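Visitor: Chains as they are written, first to last, in this note's numbering: chain Y, 1 to 483; chain D, 1 to 484.
Please keep in mind that the hints were generated in silico from the structure rather than gathered at the bench. All clues given are correct.
Some but not every residue of chain Y turned toward chain D, in silico, with C-beta under 7 Å: (1) Gly46; (2) Phe82; (3) Tyr90; (4) Leu278.
Pairs of lysine-lysine, DSSO-like flavour, derived with a Cα cap of 27 Å: (5) D:Lys341 with Y:Lys79; (6) Y:Lys264 with D:Lys341; (7) D:Lys353 with Y:Lys79.
In this text the structure is predicted, and so the values were computed from the model without any measurement. No residue lacks a Cβ here, since even glycine has one placed at the ideal position from N, Cα and C.
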Amino acid sequence: MQWEAVIGLEVHVQLATESKIFSGASTRFGAEPNSQACVIDLGMPGVLPVLNEKAVEMAVMFGLAVNSEIPQRSTFERKNYFYPDLPKGYQTSQMEEPIVGPGYLDIPVGESESKRIRIHHAHLEEDAGKSLHEDFHGMTGVDLNRAGTPLLEIVSEPDMNSAKEAVAYLRGIHSIVTYLGISDGNMAEGSLRCDANVSVRPKGQEKLGTRCEIKNVNSFRFVEKAINHEIERQIELIEDGGRVVQETRLYDPDEDETRSMRTKEEANDYRYFPCPDLLPVELDEAYIQHLKEGLPELPEQKRERFTSQLGLSEYDAQVLSASRPLADYFDRVAELSGDAKLAANWVTGEFSAQLNRENLDIAQAPLAPEQLAGLLKRLLDETINGKAAKQVFAALWAGEGHTADDIIEAKGLKQVTDTGAIEAIIDEVLANNQPQVDQYKAAEPDKRGKMIGFFVGQVMKASKGTANPQAVNQLLKDKLDQA
Amino acid sequence: MINLSLTQMAQGLASGEFSSSELTQAFLDRIQKYNTHLNAFITVTPEAALEQAKAADQLLASQQAGALTGIPLAHKDIFCTQGIKTSCASKMLDNFIAPYSATVVEKLAAAGMVHLGKTNLDEFAMGSSNESSFYGAVKNPWDAQAVPGGSSGGSAAAVAARLTPAATGTDTGGSIRQPAAFCGITGIKPTYGRVSRWGMIAFASSLDQGGPMARSAEDCALLLKEMAGFDTRDSTSMQRSVPDYPAQLNEPLQGLKLGLPKEYFGDDLNPEIAARLQDAIKELEKLGAQVKEVSLPLTRLAIPAYYVIAPAEASSNLSRFDGVRYGHRCDDPRDLEDLYKRSRSEGFGAEVKRRILVGTYALSEGFYDAYYRKAQQLRRLITEDFQKTFNEVDLLVAPTTPSPAFDLGSKTNDPVQMYLEDIYTLGVNLAGLPAMSVPAGQVSGRPLGMQLIGSHFDEGRLLNVAHQFQQATDHHLQTPELDA
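Produce the entire structure from the sequences given, and follow the hints as far as they go.
Guide: Next comes the structure, spelled out in structure tokens:
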């Protein structure tokens, strides 16, 4: 039987506010345990929440970026359950009237196709603290630094049909929130986390299969592996005559498998009800309009501009627009060098490769866009040739000089275009390689094209790479063919 | 000295007739003498009080004193007080020392008041008799057999017995007004949002409101002026300026329209209370008020609505008391579940547990629509009922309670009977209205209260009417004989 997977994602994005969603405590990551939890975050008696306006602003920005309706009114509910890292015994969240209404995100599928994934809604809520089970001699340690960090939970419709699509959607969300600057998107630190709802059904069947929720898959790679594993597990189960049970499963990346956490029957009754400590959020049209006007250029708009205005290929546009720092870097290099295609080649090529090799973030790159653009300009005005350009790039990266010009000067890499000088070298090379010259002359004209490469190599070597390769080629041909 | 009004105390302090230290010592002496019997205080802080009195005396000497500087008061032990045990009369918080103070506590301290200590209450303010306190019942100063009312029973008894000139209270379903009535003192529950709830331990957040309890409307006006106001730390507090309540006390009542809701004068009402209220209403008419009957047809439904909404909110508000971070923790928990179960079973008393269970049930999947949502709909209708009457009249006059203070122990085994005692006070909280209780006489030696209910933010008029009534009567000046 042909099976079809149906996948929906719940993505939790930590918003990059300075302070928490309902208190003034800092949200900085990595501080001493419990040093960033004030009396509100600790759930002391008599304390009250006050909504952080910045969190509302960021949520609305996201909504606008994914074409969502922004309701004029939204409310907070309490989700009640007991856990040691949930200080109040409830999480303040949204349920009936979330801050962001239905929207959508188009994701790339295949070469140049795209697919629309609908977003059901996105709501604001507070993060819980962390329970630490090691190092406490049979007890559990609780760190409430994270408690109260604002989260935007983005709930998709079950519109994805493969792990690849799920990953593309997640990448899309990741790039939007980082473009907007509303999250650092750091998955390793938990700034972006994801739960996946997965079910399978015979291809062509309308009715959805029973779904399982896979909790906390925290890297793009794990999302793909966990979903693929879960799809296989469900198909095998059904084909062996079994039945999928609605449950929550946890992905174990070490074993590459999902394990049951709790079934539907064991699920909590969260007893949602409106939080009486918080007033409804009322947003007027002017406020929404103001945020709309302030939105930066988004990935899709960038991709579109890169292809239609800068003439880049779909592929390059896709790669360059995926992250805002990379796109910004490229934009700057393109603008300063005046040649977008050349800039794209270098940024996606040499520059990205070097970052990967050294495992660096773009922010950590030792090479500023101005420096790279300076190098490309010398390539464009033929001061240096391609080979020398690579040398200059490496030297700039290594910090051997501040500008490309400095390095070209210091290393004597300036391209020799003076015909007289090149001719002198050619004469010398030809004189030193008489047997090859004879062979060349004896060869049929259509074989000579290949043979000329040898002489070019020798001349370039003798010029220490500075001779203009086109000039060398032309002059060699003239001399060999005429003699 | 102890029987003076706050204004007279301020005059005495300003003229140097007595010092704040002397005044404070006088009340501390009375606490020392009578509290063992009354059990009105959970915690007394004499050293801190005398230190504050000394500081107040310096302010008085340098002519920098305000209207309340140097005057003692007590806080209901539901307001967090930095560095002082804040127990909510629960074993759960018997070991809890608040690291911060409630806004109300801060404001009254900033006004120069001297803090004597923390008064007893029903556990987590859940009760109408003060019998559910972990620290034992409070006795009514008028009659040792009678309850003082609740939940602010300690505050009411302490003011009535002159252990303090004034106290703070909180009112979720009548917890200021009913004990004020039972103890023969004056108390006002302000409009929801008038007084900050920051640092006031939540029972039912959408109903809770703090307010003053004192001997007279004039005293309450002085206190409320200091307590009220917007607080950035409480999103439900109102951004609205605070009127000069004392300046409004002497407005004439000529032409004032008073409504008597007929449902508050039905068969539930003790006939002697009904008679005393008729006398009081005649006084108000003599002062120029016009009286007419109005109707609040949904009055009885306030009880079921309230006893769904309040426990529902309480069940969530009290979840934080889990034995993990502060408060009572059971010995040697086997695991997390055991820690929760035993800490909460041991830490909470029966009435608190009952309300947590009721509230949890009302919010459960499958019951939410039938209980919580219905109760909220009722709440809206009850609010509309009140608003309609305020199109006809300026204020409502009603009994505070259907009967005078009942005997200690007489209703402890019948929670529903206890809940029915709140019939005249609950609607006000559901509608978020201001209301006060004013002494209006006695039945067999036990005081009773006249309730005045105003429209939103009409505290000034309530205090004005109550003050004019008190200028013409002496019910509020009656003082109980105390057994030491």
